[in-house]
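Going by the working numbering, the sequence shown runs without a break in its numbering and finishes at 145.
In short, the hints are calculated from the structure, not lab data.
Keep in mind that the hints are not guaranteed to be accurate.
Derived DMTMM-like pairs (lysine to aspartate or glutamate); straight-line CA-CA distance at most 25 Å [stated by the list, open to error]:
1. K15 x E29
2. K15 x E37
3. K15 x D39
4. K15 x E61
5. K15 x D67
6. K15 x D40
7. K15 x E5
8. K15 x E48
9. K15 x E60
Please read these numbers as outputs of a predicted model, since none were measured by experiment.
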Amino acid sequence: MRIGELARLAQLSPKAIRRYEALGLVAPERHPNGFREYDDHTVRLVQEIRTLNRLGIPVEETRPFLDCLATGGENVDDCPASLAEYQRTIDALNSEIDALTARRDALTNRLRDAAHRHNTTRMLPWPEAVFARQPPSGQSIELKE
Numbered sequence: 001m002r003i004g005e006l007a008r009l010a011q012l013s014p015k016a017i018r019r020y021e022a023l024g025l026v027a028p029e030r031h032p033n034g035f036r037e038y039d040d041h042t043v044r045l046v047q048e049i050r051t052l053n054r055l056g057i058p059v060e061e062t063r064p065f066l067d068c069l070a071t072g073g074e075n076v077d078d079c080p081a082s083l084a085e086y087q088r089t090i091d092a093l094n095s096e097i098d099a100l101t102a103r104r105d106a107l108t109n110r111l112r113d114a115a116h117r118h119n120t121t122r123m124l125p126w127p128e129a130v131f132a133r134q135p136p137s138g139q140s141i142e143l144k145e
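Can you build the whole structure from these sequences, using the hints too?
Shown next as structure tokens:
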């Protein structure tokens, strides 16, 4: 099949498939006229790359998964190297979550400090719209009227 059909079947752009080829992740046959010819196995490869990328694994880091298929694995994650890449990605996500949580907490503290900086005459409920989660029950901010 030609690149357009592969792109349609895998729901990717031809440009993405050419990138995968440039990275050595897929290797189509070449006709004497220069046309690329892809087989059904390549459809699965590019679909797996796309799925892994949507899970946060960079395209360049999908090789262990593809190698797993190449060595006879039924699934891209049947090999220890694939599991290690999953763990590396999870660790990276956990680090990002920790950093985002620290930023959110710092902003929460600054909001609280700013709200309490001035003399207040009334208490308002905590502004839920500011955060994706509610603060502990009964928590409020004071605003000057």
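Q.
Need the status of pair K15, E29: alpha-carbon distance at most 25 Å?
A. Within the cut-off at roughly 17 Å; holds.
Q) CA of K15 to CA of E48, is that 25 Å or under? A) holds (17 Å)
Q.
Hint check: K15 vs D40, CA-CA at most 25 Å. Holds or violated?
A. holds (19 Å)
Q. Hey, K15 versus E60, does the alpha-carbon distance stay inside 25 Å?
A. holds (15 Å)
**Q.** Straight-line alpha-carbon gap K15 to E37, limit 25 Å
**A.** holds (15 Å)
Q) Are K15 and E61 close enough, with their CA atoms no more than 25 Å apart? A) Holds, at roughly 19 Å.
Q. When you check the alpha-carbon spacing of K15 and E5, does it fall within 25 Å?
A. holds (13 Å)
Q.
K15 and D39 were given as a pair; does the straight-line alpha-carbon distance stay at or below 25 Å?
A. holds (18 Å)
Q: Quickly compare the C-alpha distance for K15 and D67 to 25 Å and report which way the hint goes.
A: Holds, at roughly 23 Å.
Comparing the model with each numbered hint stated earlier shows that all of them hold.
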